[in-house]
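Listed in order, the protein sequences are those of chains A and B.
The first sequence begins at 1 in my numbering and counts up by one.
The second sequence begins at 1 in my numbering and counts up by one.
Do not take every clue at face value.
Dumping the calculated DMTMM-like pairs for lysine to aspartate or glutamate here, alpha-carbon to alpha-carbon at most 20 Å [claimed, not checked]: (1) 320/A / 353/A; (2) 204/B / 348/A; (3) 106/A / 127/B; (4) 271/A / 171/A; (5) 204/B / 311/A; (6) 276/A / 291/A; (7) 188/A / 33/A; (8) 206/B / 93/A; (9) 59/A / 99/A; (10) 207/B / 311/A; (11) 183/A / 116/A; (12) 3/A / 30/A; (13) 230/A / 184/A; (14) 94/B / 16/A; (15) 292/A / 311/A; (16) 276/A / 348/A; (17) 106/A / 255/B; (18) 283/B / 142/A; (19) 59/A / 201/B; (20) 272/A / 311/A.
FYI, nobody ran anything at the bench for these hints, they're computed from the structure.
The residues making up each chain are set out below.
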Amino acid sequence: MAKITLNNLSHSYVPDYTDADLVLRDINIDWKDGGAYALLGPSGCGKTTLLNIISGLIKPSKGDILFDDKNVTSLNPVERDIAQIFQFPVIYDTMTVYDNLAFPLKNRNLSDTEIDSKVREIAEMLELTSTLNNRASGLTADGKQKISLGRGLVRSDVNVIMFDEPLTVIDPHLKWILRSKLKELHQKINRTMIYVTHDQTEALTFADQVVVMHEGQIVQTGTPVELFEKPKHTFVGHFIGSPGMNILPCQIKNGQINFAGQEIQSNSNIKKNNFKKTQLGIRPEFINFSDKGIPVKIKRVSNTGRHKIIDTECSGGTIKVLSNASTEIPSGSAHINFDQKYTYVYGDNWIIE
Amino acid sequence: MNKTINQKAWFFVVPVFVLVAFNAAIPLMTVVNYSFQETFGNNVFAWEGTRWFKQILLSERFHDALGRQIAFTFIILLIQIPLGIGIALTMPKKGWGVPVCLILMSMPLLIPWNVVGAMWNIFALPDIGFLGYSLNAIGFDFNFTQQPGDAWFTTILMDVWHWTSLVVLLSYAGLNSIQPAYYQAAEIDGASRWATFRYIELPKMKKVLTLAILLRFMDSFMIYTEPFVLTGGGPGNATAFLSIDLVKMALGQFDLGPAAAMSLIYFFIVLLVCWVFYSLMMKNEVRS
C-alpha cells in the first residue's frame with residue numbers, strides 16, 4: 001500500500017524529442033493510499049502510457065514517481081511491487097487456472113501452503129473455485145480476464161493495482177458484475193487502485209477521484225459530481241455526460257456575457273477579457289423551456305425512454321436540451337433558459353471561475 | 001428449393017483430374033504394379049505377390065539404411081530445432097538489424113541443393129578445402145571421403161547449415177506474433193527469463209514449431225541430393241540413407257520389383273510418422 005506522487009512527469013517515445021513529440025506533458029498527481037482512481041480519456045490521450053510509467057514498464061523522459069515519498073523512478077515493476085491487469089486477458093496457456101494464479105507467488109518463492117491458501121482465497125472471491133484444475137486456455141474471454149485479475153490480486157503486499165481497460169473484451173451484462181466485483185474488492189482489501197478507461201460510466205462508477213486526460217495533459221481531477229457540475233475545461237464538459245455539454249461561442253463586453261443577442265447570467269466571475277476565444281458552457285440537463293428567453297427552433301426530438309433529447313437551432317449553432325420523457329415539447333419555435341448556477345464561461349477552453 | 005442439374009460442370013474439373021492423374025496417381029500406381037511383379041524387360045511381367053515386401057522388410061540392407069536414416073533425422077532435428085529457436089530469440093525485433101538478419105537467414109535456403117552438396121564437398125576436402133585443411137592443420141585427422149565418422153560429421157554440419165534457417169524463420173514469425181502485454185504481464189508477475197520462455201514463448205510457438213518439425217522431418221527423411229553430391233553414400237555405405245539406397249537399387253541394379261516395394265514402405269513410414277506426430281501435437285488444441 002502506498003500513496004503515489006507524480007512530479008512534473010513528461011514523456012516522449014523518441015529519444016531526442018521536441019515539445020511536439022511529447023505524449024505526456026507536466027503531469028502532477030497526488031494519490032492517497034487506498035484510494036480508487038480512474039484515468040479517463042479518449043484513445044491516444046496518453047493514459048496507458050501514464051499507467052505503464054507508474055508500473056515501471058516505461059521509463060519517463062522527465063520527472064519523478066514517488067511511492068510513499070520514496071523515489072521509484074529507476075525501479076522495475078518487480079521492485080516497485082505493483083500489479084497490473086491488461087486490456088486483453090493474459091493467461092499462461094499451458095497452465096491450469098490454479099497454476100496461473102499461483103505463478104506470481106511461486107516467482108516470489110513463497111511456501112506451498114501460503115500459496116495454496118492465497119490462491120484458494122482469491123479463487124473464491126472471483127468465483128473460479130470450480131474451474132481451478134481446468135486448463136486456463138479452455139476458458140471463455142471473461143473467465144480468462146478473471147484469471148488476469150486474480151493474478152493481480154493474489155499478492156497481498158502490492159503497492160498499487162492497476163487496470164488498463166480490463167473490461168474491453170467482456171460481454172456487457174458481465175461488465176456490470178465484474179465492475180461491481182472490483183468495487184467490492186476495493187472496499188474489502190482497501191488497496192490503492194488505478195483504473196484506466198475511455199468509458200465514462202466505468203470511470204465514474206469505479207473511482208472516488210477521476211483524472212480526465214486530453215492530449216497528454218490532465219485537464220481536470222475531481223469527483224464524478226465535480227466533473228459533471230463544474231467541468232474545468234471544455235473537453236471535460238464535452239467528454240463527460242451524454243449528450244455532452246453545449247459549448248457555445250459568446251461575446252464578453254464590460255463583464256457582460258452576450259449570446260445570440262441576449263444577455264446571459266452565469267456562475268463565472270469575469271474580471272478581465274484577454275482571451276482569444278470565449279465560450280459559454282451549459283449542460284443539456286440545465287436548460288429549460290420557458291415563455292421568454294433565448295429564441296430557438298426545434299429541429300429534432302429523440303426519445304430515449306427515460307428522457308428526451310431535443311436538438312434546437314439558435315443563430316446557426318445547435319443547442320441540445322435534455323428533458324424528462326413526460327415533458328411536453330413545444331414544436332416549431334420556442335424559448336429556452338439556462339440555469340445560472342450551472343452556466344460557465346470558458347476562456348480559451350479553460351473555465352473562468 | 002429446386003437445384004438445376006447441370007452435368008457440364010464436370011468439364012471444369014477435368015484438367016485437374018488429368019494433371020493429378022499424370023503427375024501423381026498413375027506413377028504411383030505404376031510403382032504399386034512393379035512392387036507385386038517381376039520383370040525381365042520387354043514389358044514381360046510375372047506375378048510375385050508379396051515376395052518383394054517380405055524380402056525388403058527382412059533384408060539387413062534395408063534395416064541398415066533405415067537405421068542410418070532414423071539416426072540422421074534424429075540428430076539433425078535435435079540440433080536444428082533448439083538452435084533455430086535460440087537464434088530466433090536473439091534476433092533483433094526492430095531496427096535495421098531485422099532485414100539484415102532475415103536476408104542472411106534466407107541465403108542458405110535459396111541455394112540449389114546440388115550446389116550445397118558441391119560447396120560442402122570442396123569446403124571439407126582435407127587437402128584443399130578450408131574446413132578440411134583447417135581441421136587437419138590444428139591436429140585432427142579429418143578425411144570425410146574415407147572415414148565414416150567424418151563423413152557423418154560433414155553431412156550433419158551441411159544439413160544444419162542448410163536448414164536451420166527454416167526453423168529460425170518460422171520461430172521468429174511465431175515470436176513476433178506474441179502481444180507485448182504477455183511480456184509485460186510476465187515482467188510484473190516476476191517471471192524469470194527461463195519462465196517467460198517456458199510459459200509464454202514456447203506455448204505460443206507451438207504451432208509453428210510443429211510445422212517446423214514436420215517439414216524438417218519429411219525433408220531430412222527424404223534427403224537425397226546433398227549427400228549424393230557430398231559423399232555419394234560413402235565411404236562404403238556409411239552415409240547411404242534410404243533415398244540413396246533406393247536409387248542404387250532401382251537404377252544401379254535395376255531391381256524394379258524390390259525397389260518399388262521399398263518405395264511404398266518408405267512412403268508409408270513418412271506418412272505414418274507425420275500423422276502420429278501431428279495428431280499428438282494437436283490433441284489438446286482440438287479439446288480446447
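* Within 20 Å, alpha carbon to alpha carbon, are residue 283/B and residue 142/A? -> 25 Å, violated
* Are residue 59/A and residue 99/A close enough, with their CA atoms no more than 20 Å apart? -> 31 Å, violated
* Asked: Is the straight-line distance between the alpha-carbon of residue 204/B and that of residue 348/A 20 Å or less?
  -> Measuring from Cα to Cα gives roughly 51 Å; hence the hint is violated.
* Asked: Going straight from one Cα to the other, do residue 207/B and residue 311/A come out at no more than 20 Å?
  -> Violated - the C-alpha atoms of residue 311/A and residue 207/B are around 55 Å apart, more than 20 Å.
* Hinted pair residue 230/A and residue 184/A, Cα distance within 20 Å -> 28 Å, violated
* Asked: Does the alpha-carbon distance linking residue 106/A and residue 127/B stay inside the 20 Å limit?
  -> Not satisfied, since the Cα-Cα distance of roughly 58 Å exceeds 20 Å.
* To do: For the pair we were handed, residue 183/A and residue 116/A, check the Cα-Cα distance against 20 Å.
  => 25 Å, violated
* To do: Compare the distance between the alpha carbons of residue 276/A and residue 291/A with 20 Å, and conclude whether the hinted pair is satisfied.
  => Roughly 34 Å separates the two Cα atoms, so the pair is violated.
* Within 20 Å, alpha carbon to alpha carbon, are residue 206/B and residue 93/A? -> 11 Å, holds
* Holds or violated: residue 106/A to residue 255/B, with C-alpha atoms at most 20 Å apart -> The hint is violated at about 64 Å.
* **Pair hint residue 204/B and residue 311/A, alpha-carbon separation not exceeding 20 Å** => Judged against 20 Å, a Cα distance of about 52 Å means the pair is violated.
* Taking 20 Å as the top limit, are the C-alpha atoms of residue 94/B and residue 16/A close enough? -> Within the cut-off at roughly 18 Å; holds.
Hints 1, 2, 3, 4, 5, 6, 9, 10, 11, 13, 17, 18, 19, 20 from the list above are not met by this structure, while the remaining hints are.
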